[in-house]
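J.: For reference, the chains in residue letters:
Number of protein chains: 4
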Amino acid sequence: MASPKFTAPDGMPKQDQVNEFYQAVAEADLQPLWVQKGIMPKEPPLAAVPFAWKWKTLKELAERSGELIPIDRGGDRRVLSLSNPGLSGQPFATPTLWGAVQYLGPGEVAPAHRHTPAALRFVIEGSGVWTLVNGDPVAMSPGDLVLTPSWSWHEHHNPGDVPMLWFDALDLPLARSLDAVFFENGPDQMVNRAVDPTSNSELHFGSGAGLVPFEEKVTQAYSPLFAYRWKDTDRALANTLRKSETGTASLRFVDPTRGIDVMPTMRCSMHRVSAGAKTRTSRRNGSSVWVTFRGSAVATIGEERFYLDEGDMFAVPSWCPISIEATHDADFFCTSDAPVFEALGLDRAEFLD
Amino acid sequence: MASPKFTAPDGMPKQDQVNEFYQAVAEADLQPLWVQKGIMPKEPPLAAVPFAWKWKTLKELAERSGELIPIDRGGDRRVLSLSNPGLSGQPFATPTLWGAVQYLGPGEVAPAHRHTPAALRFVIEGSGVWTLVNGDPVAMSPGDLVLTPSWSWHEHHNPGDVPMLWFDALDLPLARSLDAVFFENGPDQMVNRAVDPTSNSELHFGSGAGLVPFEEKVTQAYSPLFAYRWKDTDRALANTLRKSETGTASLRFVDPTRGIDVMPTMRCSMHRVSAGAKTRTSRRNGSSVWVTFRGSAVATIGEERFYLDEGDMFAVPSWCPISIEATHDADFFCTSDAPVFEALGLDRAEFLD
Amino acid sequence: MASPKFTAPDGMPKQDQVNEFYQAVAEADLQPLWVQKGIMPKEPPLAAVPFAWKWKTLKELAERSGELIPIDRGGDRRVLSLSNPGLSGQPFATPTLWGAVQYLGPGEVAPAHRHTPAALRFVIEGSGVWTLVNGDPVAMSPGDLVLTPSWSWHEHHNPGDVPMLWFDALDLPLARSLDAVFFENGPDQMVNRAVDPTSNSELHFGSGAGLVPFEEKVTQAYSPLFAYRWKDTDRALANTLRKSETGTASLRFVDPTRGIDVMPTMRCSMHRVSAGAKTRTSRRNGSSVWVTFRGSAVATIGEERFYLDEGDMFAVPSWCPISIEATHDADFFCTSDAPVFEALGLDRAEFLD
Amino acid sequence: MASPKFTAPDGMPKQDQVNEFYQAVAEADLQPLWVQKGIMPKEPPLAAVPFAWKWKTLKELAERSGELIPIDRGGDRRVLSLSNPGLSGQPFATPTLWGAVQYLGPGEVAPAHRHTPAALRFVIEGSGVWTLVNGDPVAMSPGDLVLTPSWSWHEHHNPGDVPMLWFDALDLPLARSLDAVFFENGPDQMVNRAVDPTSNSELHFGSGAGLVPFEEKVTQAYSPLFAYRWKDTDRALANTLRKSETGTASLRFVDPTRGIDVMPTMRCSMHRVSAGAKTRTSRRNGSSVWVTFRGSAVATIGEERFYLDEGDMFAVPSWCPISIEATHDADFFCTSDAPVFEALGLDRAEFLD
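These protein sequences, in sequence, are chains Y, L, R and D.
Take the position in the first sequence, starting the count at 1, then add 17; the result is the number in the working numbering.
Take the position in the second sequence, starting the count at 1, then add 17; the result is the number in the working numbering.
Take the position in the third sequence, starting the count at 1, then add 17; the result is the number in the working numbering.
Take the position in the fourth sequence, starting the count at 1, then add 17; the result is the number in the working numbering.
Don't read these hints as lab results, they were simulated from the structure.
Keep in mind that the hints are not guaranteed to be accurate.
Label pairs and their in silico Cβ distance ranges [claimed, not checked]: (1) D:E233 - L:Y324: 57 to 67 angstroms; (2) L:L369 - Y:D89: 30 to 40 angstroms; (3) Y:W170 - D:V52: 19 to 29 angstroms; (4) R:V315 - D:F231: 50 to 60 angstroms; (5) D:Q237 - L:H345: 54 to 64 angstroms; (6) Y:W170 - R:S299: 49 to 59 angstroms; (7) L:R252 - Y:S313: 32 to 42 angstroms; (8) L:A64 - R:Q206: 31 to 41 angstroms; (9) R:R259 - L:Q32: 32 to 42 angstroms; (10) R:Q206 - L:G55: 49 to 59 angstroms; (11) Y:S313 - D:M29: 26 to 36 angstroms; (12) L:R365 - Y:T263: 49 to 59 angstroms; (13) D:P87 - Y:W170: 57 to 67 angstroms.
List of simulated lysine to aspartate or glutamate pairs, DMTMM-like, C-alpha gap at most 25 angstroms [stated by the list, open to error]: (14) D:K59 - Y:D364; (15) D:K234 - L:E44; (16) L:K31 - R:E80; (17) D:K59 - D:D370; (18) L:K234 - R:E172; (19) D:K234 - Y:D89; (20) R:K234 - D:E262; (21) R:K71 - L:E37; (22) D:K234 - R:E367; (23) R:K71 - L:E359; (24) D:K76 - Y:D33; (25) R:K73 - L:E37; (26) L:K71 - R:D46; (27) D:K31 - Y:D364; (28) R:K248 - D:D370; (29) L:K59 - R:E142.
Because the structure is a prediction, the values reported are computed rather than measured.
Backbone N, C-alpha and C define an ideal beta-carbon position, used for all residues, glycine too.
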């Protein structure tokens, strides 16, 4: 570090002294707090904006990418990421969350890799695909939530004859802002195996509520259950709705052995809103990305209204009020950074109605 | 407290002085440690002994009690408790656990009460019975585990036309040794209601592995899920067995929202042993009570061998080795005081083969 | 197990049938619940009674035992245990806690052993003694709390020329009722070493509030700090009292690395009551044993009043109201089974004024 | 959202089709993953660089700012922030941590405010200053660590006649990247009060290792103890060093009631290196900022060597190896984002020698 040239004599005019001072500060790799007016705003400044992406467009472009763009080592994945218009062209849905649509055509394989950013898949269309997670083959079908947690090996296989499209979410923006991204490619040769409709992970941890292996102690930071099946989620939503007085039902996906969030950076939840019902207007510190899995609805996010149909995705920025009113019985998958905010003591939330 | 008469003059013979000293100690409500030879044994002294009760006898006597003994306020329950021959006639299966067979005849009702000792029911025979747990009606069928946790109101109803027999377990001996027993009778008038095969508790917490209400925060010491159904348990055992190399499968019943034991004083588990398979010989500090739900087996407990058929119950004392070898595919329900030993830092366990 | 002789023909008179039934039940090692009237009392039946032991007597008898009774392998310790008059001659202060006065004369050594029951020492009189805890030499002085946790090796040395008398507390009654007692003798040859006034444990964990080793991860069930010095306790009480509006101050001794109770079965606390001040009347499920370390007071326990002077010890049974009024500034050491009750979900407490 | 103009006819040349596709993707607020080559680097890309700021310069500029820049509402604080040369002119020491020197002249007051970013102060020079933390007056002296946790009101007073200079650290970059910054000004009128050398917080929680209020339950996310005094820290380092075989001693500052980090986003520690001793070379995922409090040393951070004297500050980027060799007995204060990485399952660390 160069020594600062700080030599302003006392006889110098005040403004010149101040200017010279600022120059010395800059040369010393320092910055005065008092000139950084926006650095502590009264509320989060909301660079990210409320935004929705239509499934019609997402699907059309994903299919077109399937025709035009091969999958191979280097690209690894055929993914179109949701780029929030408020985030200056970065490929992020919110400041902490990556959202995207991924397309895997018939006969294609996305090769093995792993990375510290955690990822999840929520399947929208297609069949016959399976994902190998740390050696465990996990089948994928619409409505399923499949986890590929931080630093777990994963590769996707489509041995069938129809394409699959799924929603991808990662904590990549968060991991990047923490300088915490590590990445590693797996072997190029593919694993070929017959896939059971039930993975090892599901056999051991997914048989039913409150039933866990007698001795196995889970110590990793994420859920040992890698797949949450739509059949179970659908039944759980229906059961909860039976006792609901609001026409809405909300579930959290958790590690069945500890009840904690499925991954330490991403809360996953499913929300059912009956036709005509409306959720309360609420907001929280932290952001989320949503997928309209079934039905149609109008979401009011901040000042804007978004008309949502099956497959539509939307982003809710930090501290931005949201309410959803269903026009037809609607189901939403949601992932958020809530566990991060809770772990760091930064969570705050409120209802506005 | 009377002042001790401790007046031995120095000239008195030594033995007389000692005698006088002991008398003074006793009068002062004190006791010398050094004369209490057995108070710190090298290993738990095992007053409780390994013991098995045959279902044939249990059932015969339970049915006979149904003919002879009415249920009414005061008695409240028609229960025959397992009385370990090593425990000096106390009605306890082990020093911490009460085990029993309960009989509820057609048309009978066991009236509402609550107590701080926690209880559980594992159903062996019958149908059509339901238990009201803190206002939530819980249906009961063979193989089901039903919880009535500490201080929860509970009453049993048999509106059907066949009797039901179930295994009762309580932490009553433990609660008694802690001077921690509180008891309260409920209202005498019975609740009558149509019972759903699925309780509220199950609708909210029992829909599937890793699926919990989005907002509901469980703060009580015990599981919010009161019923674990045999259909789920059976499937979970089968799934686990598929990947087992030993021909055995073991499950733990846990609170689905936190993964902790269903109740803080009683661990519950289910164990499947395929015909011809044999569990390892192990022992642990703390005791357990078992029910043979299906099949037949030979259990070696300490030095003794017990031939077990469906419905047979047995007690395993602290630090006593146990191994089970199935003669036909066999399923066992087990409840133990393991969470107590773990919470108090007293758990130790070892394999002996 | 013999098969029960249950042969009552239907023509037999009812009472005979019942009698025959009861006999068959007994022969089958069973007991009917409905005849055990007292087994579920409305409140803990309080076999243990409120009781106090006077220091004058304790000291006199302890000193006399020092003259009459040698310490050697087998007896191991010269201990007079508080025997609650309600507990049928058992050497226990309460159903879960052993309390005692221990006497170690000049030049004496109490040889090494270890046991699963946890123990603590609160020093009342004397100087120059040290206790070796798992190889760590811990000096002892009046007002110090010294831990010898479950299964830790410990031996006591008095190389000085005055006797030491201390209060011993163990969870022995609890450990016995759980069949959880293991015991092992150490080597007979004594360790001789110069003792630092500060043990290794204190050097690493006892330097100040909120200061812990950077990397060391404590995994055992008990505190890594074995000694809590009177100097610190006294200052902490004085500091707390400065801001107290009631003239009372209460501290808990905790594991400095986790904030949990020093041992999982025994809560330790210190209570200062200024002359003329009076604590609120409260009761809790679970029992405690107290030592009057300084000053004098009147304790109202249940219906009884106890006049307490320095060194006097007293037992408070489960669910028994207690209040203390100081006649001179008074300090009390207390140990209770509260962590057990909390861990097992059995804690309940209330104020009565 | 405008509908994408995606109309490429099949007869169009391939490259034109691809170009048209990319244009449609961009218009749909999407981005292809496969063109974002650097988004998943093999290791954190280390925008931030190892860097040191000399105390001589920091102090000179801070004093000069004292002459030139008033403190008033709006600016609120006279702070020069460490601006890591790798971070494109942002006023941050690392991607997660703000480091700075703050200057408060005689008679000055920095007015009350609060913000969700957590802050801490480590005092380097001066005397007589106190900080009001949520109404609790906390005195400040060299070597003291003072916390002003997330959303706590704080203001700084210098009623004395010498300036104070301290090191400021905040999790501001992290809070900003999460869109989690809230800020509120307090009342303009100043609080004037006599300051006790010991704050309420210290009276209740700071009296000694393992001594906490009997009843008070801490539920907030941060330590209830706001000040860690140099006298205690110094003694703890000396005690630890006595048993050290490496000539180094490291302490962690923790919440005395739970043993967790003082604040959920910032680990605080103190490190003593004896003259001639050298720490092992290690690296971890996540960054830290250090202050040389006493002595002198050479730090090797990555490939660079930094010669450190009293007051010098330095930044260690994520995954960058560091080792410190003392030329004179040296003490270092360090704050890091380690609790964030641990909470999010992103922590990894290794020794390199």
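J.: It remains to establish, for every hint, whether it holds in the given structure.
T.: Here is what the structure says about each hint:
no. : hint                                : result
1   : D:E233 - L:Y324: 57 to 67 angstroms : holds, 58 angstroms
2   : L:L369 - Y:D89: 30 to 40 angstroms  : violated, 56 angstroms
3   : Y:W170 - D:V52: 19 to 29 angstroms  : holds, 24 angstroms
4   : R:V315 - D:F231: 50 to 60 angstroms : violated, 21 angstroms
5   : D:Q237 - L:H345: 54 to 64 angstroms : holds, 58 angstroms
6   : Y:W170 - R:S299: 49 to 59 angstroms : holds, 58 angstroms
7   : L:R252 - Y:S313: 32 to 42 angstroms : holds, 36 angstroms
8   : L:A64 - R:Q206: 31 to 41 angstroms  : holds, 35 angstroms
9   : R:R259 - L:Q32: 32 to 42 angstroms  : violated, 57 angstroms
10  : R:Q206 - L:G55: 49 to 59 angstroms  : violated, 27 angstroms
11  : Y:S313 - D:M29: 26 to 36 angstroms  : holds, 35 angstroms
12  : L:R365 - Y:T263: 49 to 59 angstroms : holds, 51 angstroms
13  : D:P87 - Y:W170: 57 to 67 angstroms  : holds, 59 angstroms
14  : D:K59 - Y:D364                      : violated, 32 angstroms
15  : D:K234 - L:E44                      : violated, 43 angstroms
16  : L:K31 - R:E80                       : holds, 16 angstroms
17  : D:K59 - D:D370                      : holds, 22 angstroms
18  : L:K234 - R:E172                     : violated, 48 angstroms
19  : D:K234 - Y:D89                      : violated, 56 angstroms
20  : R:K234 - D:E262                     : holds, 19 angstroms
21  : R:K71 - L:E37                       : holds, 19 angstroms
22  : D:K234 - R:E367                     : holds, 17 angstroms
23  : R:K71 - L:E359                      : violated, 37 angstroms
24  : D:K76 - Y:D33                       : holds, 21 angstroms
25  : R:K73 - L:E37                       : holds, 18 angstroms
26  : L:K71 - R:D46                       : holds, 11 angstroms
27  : D:K31 - Y:D364                      : violated, 50 angstroms
28  : R:K248 - D:D370                     : violated, 43 angstroms
29  : L:K59 - R:E142                      : violated, 32 angstroms
In summary, the structure is inconsistent with hints 2, 4, 9, 10, 14, 15, 18, 19, 23, 27, 28, 29 from the numbered list given earlier, while agreeing with the others.
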